[in-house]
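Peer 1: Chain residues, written in single-letter form:
2 protein chains.
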Amino acid sequence: MTERTEAQHTEKMKKRQAAHNRIVASKTVEKGLLIVHTGPGKGKTSAALGMAVRAIGHGKKVGVVQFVKGAMQTGEKAVFDRFPDLIEFKPMGEGFTWDTQDRARDIAVARLAWEEVKRMIADTRYAMVIADELNIVLRYDYLPLDEVVEALAAKPAMTHVIVTGRNAPQALIDMADLVTEMTLVKHPFRDQGVKAQAGIEF
Amino acid sequence: MTERTEAQHTEKMKKRQAAHNRIVASKTVEKGLLIVHTGPGKGKTSAALGMAVRAIGHGKKVGVVQFVKGAMQTGEKAVFDRFPDLIEFKPMGEGFTWDTQDRARDIAVARLAWEEVKRMIADTRYAMVIADELNIVLRYDYLPLDEVVEALAAKPAMTHVIVTGRNAPQALIDMADLVTEMTLVKHPFRDQGVKAQAGIEF
Numbered sequence: 005m006t007e008r009t010e011a012q013h014t015e016k017m018k019k020r021q022a023a024h025n026r027i028v029a030s031k032t033v034e035k036g037l038l039i040v041h042t043g044p045g046k047g048k049t050s051a052a053l054g055m056a057v058r059a060i061g062h063g064k065k066v067g068v069v070q071f072v073k074g075a076m077q078t079g080e081k082a083v084f085d086r087f088p089d090l091i092e093f094k095p096m097g098e099g100f101t102w103d104t105q106d107r108a109r110d111i112a113v114a115r116l117a118w119e120e121v122k123r124m125i126a127d128t129r130y131a132m133v134i135a136d137e138l139n140i141v142l143r144y145d146y147l148p149l150d151e152v153v154e155a156l157a158a159k160p161a162m163t164h165v166i167v168t169g170r171n172a173p174q175a176l177i178d179m180a181d182l183v184t185e186m187t188l189v190k191h192p193f194r195d196q197g198v199k200a201q202a203g204i205e206f
Numbered sequence: 005m006t007e008r009t010e011a012q013h014t015e016k017m018k019k020r021q022a023a024h025n026r027i028v029a030s031k032t033v034e035k036g037l038l039i040v041h042t043g044p045g046k047g048k049t050s051a052a053l054g055m056a057v058r059a060i061g062h063g064k065k066v067g068v069v070q071f072v073k074g075a076m077q078t079g080e081k082a083v084f085d086r087f088p089d090l091i092e093f094k095p096m097g098e099g100f101t102w103d104t105q106d107r108a109r110d111i112a113v114a115r116l117a118w119e120e121v122k123r124m125i126a127d128t129r130y131a132m133v134i135a136d137e138l139n140i141v142l143r144y145d146y147l148p149l150d151e152v153v154e155a156l157a158a159k160p161a162m163t164h165v166i167v168t169g170r171n172a173p174q175a176l177i178d179m180a181d182l183v184t185e186m187t188l189v190k191h192p193f194r195d196q197g198v199k200a201q202a203g204i205e206f
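Listed in order, the protein sequences are those of chains P and B.
Using this note's numbering, read the first sequence as starting at 5 and increasing by one per residue.
Using this note's numbering, read the second sequence as starting at 5 and increasing by one per residue.
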């Protein structure tokens with residue numbers, strides 16, 4: 005590359021930096037966010053777990069309630085159990101609804117998990133609360149949507165709440181601050197007969 | 005709910021379970037995956053970090069090289085530094101290219117980071133290698149795409165490699181086993197003037 009184009013590159017990047025700085029300067033609000041990870045792609049739960057890692061790394065207290073996972077020993081639980089002062093990690097599910105085959109029991113399990121989420125949200129010592137796969141429970145009408153929306157709308161101003169699961173109800177999307185849809189471009193389960201593997205799916 | 009519909013629910017779930025079990029039984033392949041997280045939405049890096057958590061929780065060794073992040077102390081680094089035997093976490097970037105304003109230096113930094121990724125991939129003790137924001141470096145042509153594709157194609161069979169960053173090159177998407185596009189549905193930066201916050205963005 006000639007000296008001239010190097011200088012052009014620097015000039016262009018200076019302009020880009022100035023534009024970036026103007027944007028950053030205009031963003032001054034700090035607030036607890038209601039975040040939704042939905043869509044048919046992968047990464048909804050793992051992105052929430054990544055945020056939990058970031059939060060506890062900054063010394064913030066995190067609560068995690070898993071609505072589907074329960075019985076299985078997961079990698080995330082083994083790690084988070086090493087930080088008992090910073091993260092309360094509660095797998096409260098009993099598996100997929102086709103495993104339990106008992107609707108009344110599924111509803112009771114969802115209720116217990118939801119009460120934990122409500123307790124954590126109400127307690128301002130938690131900087132972040134993750135309701136993992138709550139959308140699935142809502143999809144099956146195991147919890148009243150109105151009650152969930154009401155509790156989330158009343159969350160403390162600085163608390164981040166992350167809700168995951170495919171098929172997020174529209175009411176939740178409407179009220180959220182940040183919604184990411186994970187879209188499936190290519191999936192080895194479907195295409196290649198690859199099974200769920202430790203470190204990837206659990 | 006009447007007893008009859010409870011029985012119907014159980015019957016339906018039994019069928020769903022049987023279908024699910026058939027699908028699971030047909031998936032027998034275990035292999036290292038090439039995974040790409042791309043798209044304009046959030047969660048690309050944090051989903052990779054979540055997978056790193058799962059992997060180390062199962063006692064697997066993970067290597068992480070960050071191509072853009074470097075100077076800033078992140079939450080993830082503080083946590084992962086607590087597991088020195090299981091995870092090698094290397095923020096090797098020097099910020100965004102508009103911060104350095106020096107193309108030759110950006111290329112040299114990308115080269116150093118890429119050599120680390122190659123070393124980790126070649127070493128079969130690493131069960132998972134994460135090349136965080138590699139797509140950004142490729143987008144700017146700071147590394148030859150051919151060289152990257154060649155190295156990824158030659159990865160050991162059982163090693164998982166995760167590449168993140170928006171604008172993944174088509175060649176990478178074509179060769180990947182699992183591609184997730186994070187789509188932006190709603191973003192508080194854009195809509196509400198919310199700034200980057202600890203525990204969410206870093």
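Please keep in mind that the hints were generated in silico from the structure rather than gathered at the bench.
Just so you know, not all the hints are guaranteed correct.
Pairs count within a copy or across copies, as identical chains cannot be separated in the list.
[To be verified] Below, in silico cross-link-like pairs of lysine to aspartate or glutamate (DMTMM-like), each with a Cα-Cα straight-line distance of 20 Å or less:
#1 19 with 120
#2 73 with 34
#3 199 with 150
#4 18 with 119
#5 64 with 106
#6 65 with 85
#7 64 with 85
#8 94 with 178
#9 18 with 89
#10 199 with 34
#11 19 with 127
#12 16 with 145
#13 81 with 181
#14 18 with 106
#15 16 with 106
#16 65 with 178
#17 18 with 145
#18 73 with 15
#19 64 with 15
Peer 1: Does each hint fit the structure? Answer for all of them.
Peer 2: So, going through the hints one by one against the coordinates:
no., hint, verdict
1, 19 with 120, "neither (49 Å within a copy, 32 Å between copies)"
2, 73 with 34, "neither (32 Å within a copy, 22 Å between copies)"
3, 199 with 150, "neither (37 Å within a copy, 30 Å between copies)"
4, 18 with 119, "neither (51 Å within a copy, 28 Å between copies)"
5, 64 with 106, "neither (38 Å within a copy, 36 Å between copies)"
6, 65 with 85, "both (13 Å within a copy, 18 Å between copies)"
7, 64 with 85, "both (15 Å within a copy, 17 Å between copies)"
8, 94 with 178, "neither (27 Å within a copy, 38 Å between copies)"
9, 18 with 89, "neither (44 Å within a copy, 41 Å between copies)"
10, 199 with 34, "between (42 Å within a copy, 6 Å between copies)"
11, 19 with 127, "neither (45 Å within a copy, 42 Å between copies)"
12, 16 with 145, "between (54 Å within a copy, 16 Å between copies)"
13, 81 with 181, "neither (28 Å within a copy, 26 Å between copies)"
14, 18 with 106, "between (62 Å within a copy, 10 Å between copies)"
15, 16 with 106, "between (62 Å within a copy, 11 Å between copies)"
16, 65 with 178, "neither (27 Å within a copy, 40 Å between copies)"
17, 18 with 145, "between (53 Å within a copy, 19 Å between copies)"
18, 73 with 15, "neither (52 Å within a copy, 23 Å between copies)"
19, 64 with 15, "neither (40 Å within a copy, 45 Å between copies)"
Checked against the numbered hints given earlier, the structure breaks hints 1, 2, 3, 4, 5, 8, 9, 11, 13, 16, 18 and 19 and satisfies all the rest.
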